[in-house]
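Using the sequences provided together with the hints, build the complete structure.
Spelled out, the chains give:
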Amino acid sequence: MEGLLSVSVGTVFWASVAFLVVLFILKKYAWGPILTSLDERSQSIENALNEAEKARHEMAGLKAGNEALLREARNERDRILKDAKDIGEKVKAEIESKARENAERLMANARLDIENQKKAAMTDIKNYMATLSIDIAEKLVREKLTDAERQQALNQALAAEIHVN
Amino acid sequence: MIFSLHTQFLRLSRLAVAAVVMFLVVPARLLASGGGSEGKFNAGEVIMHHIQDAHSIHLIGDLTLPLPCIVKTDKGWDFFSSGVFMDEHHGFTRRYHSEKTGNTYALVHEQITVVEGADGHMETAHADLHAAETAPGHGEVHAADSTLRAEAAPEAHAAHSHGTPVTDFSITKSVFGMLLMLALVVFLFVRMARAYQKRRGQAPKGLQNLLEPLVLFIKDEVAIPALGKKKAMRYLPFLLTAFFFIWACNLLGLVPFSGGFNITGTLSVTLVLATMVFVITTVSGNAHYWGHILWPPGVPLFVKLILVPIEIMSVFMKPAVLMIRLTANINAGHIVILAFTSLIFIFAEKSGAAAGYGVGIGASLFMIFMYFIELLVAFLQAYVFTLLAALYFGDATQEHHHEEAHH
Numbered sequence: 001m002e003g004l005l006s007v008s009v010g011t012v013f014w015a016s017v018a019f020l021v022v023l024f025i026l027k028k029y030a031w032g033p034i035l036t037s038l039d040e041r042s043q044s045i046e047n048a049l050n051e052a053e054k055a056r057h058e059m060a061g062l063k064a065g066n067e068a069l070l071r072e073a074r075n076e077r078d079r080i081l082k083d084a085k086d087i088g089e090k091v092k093a094e095i096e097s098k099a100r101e102n103a104e105r106l107m108a109n110a111r112l113d114i115e116n117q118k119k120a121a122m123t124d125i126k127n128y129m130a131t132l133s134i135d136i137a138e139k140l141v142r143e144k145l146t147d148a149e150r151q152q153a154l155n156q157a158l159a160a161e162i163h164v165n
Numbered sequence: 001m002i003f004s005l006h007t008q009f010l011r012l013s014r015l016a017v018a019a020v021v022m023f024l025v026v027p028a029r030l031l032a033s034g035g036g037s038e039g040k041f042n043a044g045e046v047i048m049h050h051i052q053d054a055h056s057i058h059l060i061g062d063l064t065l066p067l068p069c070i071v072k073t074d075k076g077w078d079f080f081s082s083g084v085f086m087d088e089h090h091g092f093t094r095r096y097h098s099e100k101t102g103n104t105y106a107l108v109h110e111q112i113t114v115v116e117g118a119d120g121h122m123e124t125a126h127a128d129l130h131a132a133e134t135a136p137g138h139g140e141v142h143a144a145d146s147t148l149r150a151e152a153a154p155e156a157h158a159a160h161s162h163g164t165p166v167t168d169f170s171i172t173k174s175v176f177g178m179l180l181m182l183a184l185v186v187f188l189f190v191r192m193a194r195a196y197q198k199r200r201g202q203a204p205k206g207l208q209n210l211l212e213p214l215v216l217f218i219k220d221e222v223a224i225p226a227l228g229k230k231k232a233m234r235y236l237p238f239l240l241t242a243f244f245f246i247w248a249c250n251l252l253g254l255v256p257f258s259g260g261f262n263i264t265g266t267l268s269v270t271l272v273l274a275t276m277v278f279v280i281t282t283v284s285g286n287a288h289y290w291g292h293i294l295w296p297p298g299v300p301l302f303v304k305l306i307l308v309p310i311e312i313m314s315v316f317m318k319p320a321v322l323m324i325r326l327t328a329n330i331n332a333g334h335i336v337i338l339a340f341t342s343l344i345f346i347f348a349e350k351s352g353a354a355a356g357y358g359v360g361i362g363a364s365l366f367m368i369f370m371y372f373i374e375l376l377v378a379f380l381q382a383y384v385f386t387l388l389a390a391l392y393f394g395d396a397t398q399e400h401h402h403e404e405a406h407h
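Just so you know, the sequences run in chain order A and B. Each residue of the first sequence is one higher than the one before, counting from 1 in the numbering used here. Each residue of the second sequence is one higher than the one before, counting from 1 in the numbering used here.
Hints are computed from structural coordinates only; laboratory data are not their basis. Ideal placement from N, C-alpha and C gives every residue a C-beta, glycine not left out. Hints may be right or wrong, so weigh each one.
Example chain B residues on the side facing chain A (calculated, C-beta under 7 Å, incomplete) [claimed, not checked]:
#1 170
#2 175
#3 297
#4 347
Partial selection, computed: residues in chain B whose CB lies under 7 Å from chain A [what the hints assert, rightly or not]:
#5 257
#6 258
#7 267
#8 272
So, in structure tokens, the structure goes:
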């Protein structure tokens with residue numbers, strides 16, 4: 001048991017020297033470079049993550065912008081379509097009303113023409129009748145002058161002639 | 001994927017079990033030779049022998065590696081191999097005479113001592129005992145254990161009076177193992193650092209993948225919570241070195257056929273680590289830290305009179321506890337495993353070989369279980385040591401405004 005609990009000067013000496021030498025070597029050639037590299041790497045990973053986060057934010061911003069643009073474009077398109085439709089409607093209505101007006105005007109003109117033609121025809125007829133009547137009267141007068149009997153027959157013939165009309 | 005992982009795990013666990021069983025069989029044979037031929041089997045002695053530091057590495061059977069001995073006496077320094085003590089039975093019973101200093105050395109209780117007499121032959125009670133042991137009928141006794149039993153025998157204590165211990169700077173088993181593990185740690189981490197420089201900014205690969213989580217664990221889970229981001233960088237080199245050193249040494253103690261290293265169970269080694277924690281804590285202690293120890297604020301005077309001595313004691317107790325915890329835990333694991341191995345021979349001796357084999361099955365199963373626990377403990381103790389050291393450093397460097405929050 002005393003061997004277990006005793007402290008040997010030699011072991012203490014070697015342990016101290018060896019440990020301190022190793023501590024020095026490792027500090028200079030191992031822990032220094034290793035800890036620096038680990039630090040650098042964690043720094044670079046952190047940076048990369050931050051950048052990725054930033055990029056994601058940017059992407060989200062871009063996407064939102066795109067969507068707004070798209071929405072605007074869609075609205076614009078809708079508006080244009082609606083305008084075009086409205087204009088079309090209006091033009092159509094205008095054309096229709098104009099056509100109706102035209103037609104009405106044409107009808108009215110036609111009606112007026114017919115009326116005029118009718119009036120002209122009536123005048124012609126009246127003129128013809130007058131001429132005819134005068135002719136008949138002329139013939140009558142001439143017959144009367146020659147013979148009473150014949151005058152009578154002529155009258156009757158003339159009267160029959162008039163009946164034709 | 002899952003399937004291949006599963007088979008891999010099975011293969012690994014089978015390997016582990018095989019290793020443990022082999023590890024158990026060898027000391028068993030060794031112990032059996034001691035227990036069978038030489039009176040009573042003394043489990044306490046066997047266990048203590050196995051967890052104590054030694055001047056050689058006993059790998060397996062008769063294969064023992066001698067280690068360099070460096071001793072200082074009032075006549076000067078002597079350098080020799082511990083092989084000079086080895087006799088023809090691979091026990092360390094011979095003496096060694098140094099021409100340079102004129103000293104004669106012997107290895108008694110794993111301690112190099114200067115003894116009377118100039119030649120390399122045995123003449124002390126220690127030697128007589130050895131002669132008795134190797135008498136006819138005991139020829140096959142294992143040499144390494146003869147020393148052990150010699151120590152156990154009452155006559156052997158006479159050997160003490162014959163020698164004066166020297167100042168021993170030898171590369172003992174623990175020192176050797178420690179140097180080996182430090183070299184491994186340096187090798188691994190310098191290579192890892194080079195990989196970082198070569199592959200700057202790239203994903204880790206190979207060795208980096210293996211070690212980086214551990215380094216990050218100490219950095220992010222131990223140092224930064226205890227010390228804060230800025231100060232952690234100052235103490236991390238010590239914390240990392242201590243963690244990997246302790247863990248590597250703990251694990252070496254669990255490697256079968258490596259000679260049963262017990263580095264972190266050696267008080268001298270943990271003493272050095274604890275002293276370093278103490279020195280760093282004391283040197284980096286700021287006015288706030290010392291103020292709280294020497295004149296705790298917001299406490300009545302009579303309480304201060306009690307508190308201040310306690311606080312001053314705690315300055316020394318904290319590192320001392322670190323030292324004792326680590327040593328005790330590692331020794332406890334080794335002792336439990338050795339005790340269960342000894343159980344087999346105690347039963348074999350008391351109730352015959354069949355009982356020994358019977359107990360052996362149960363004991364082996366339990367030891368396999370213990371081995372897995374020891375693997376966990378090896379990591380856990382390294383972690384606990386590092387964590388507490390970081391907390392002590394954090395205590396010593398805490399800023400004032402930090403403390404005001406809970407006053």
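Check your understanding: Per the CB criterion, is residue 257/B less than 7 Å away from chain A?
Key -> 23 Å, violated
Review point. Quick one, is the residue 272/B hint okay against chain A at 7 Å, beta carbons?
Key: 4 Å, holds
**Study point:** Interface hint status, residue 258/B versus chain A (Cβ within 7 Å)
**Key:** Hint violated; residue 258/B Cβ to chain A Cβ min 18 Å, cut 7 Å.
Review point. How about residue 347/B: closest beta carbon in chain A under 7 Å, or not?
Key: 25 Å, violated
Exercise for review: Closer than 7 Å between Cβ atoms is the bar; does residue 170/B clear it against chain A? Give me holds or violated.
Suggested key: 6 Å, holds
Check your understanding: Holds or violated: residue 267/B as interface residue toward chain A, Cβ cutoff 7 Å?
Key -> 6 Å, holds
Check your understanding: Minimum Cβ distance from residue 175/B to chain A below 7 Å?
Key -> With Cβ-Cβ at 4 Å, under 7 Å, it holds.
Review point. Can the hint on residue 297/B be confirmed by a CB-to-CB distance to chain A that is less than 7 Å?
Key: 36 Å, violated
Hint check: violations occur at hints 3, 4, 5 and 6; the rest are consistent with the structure.
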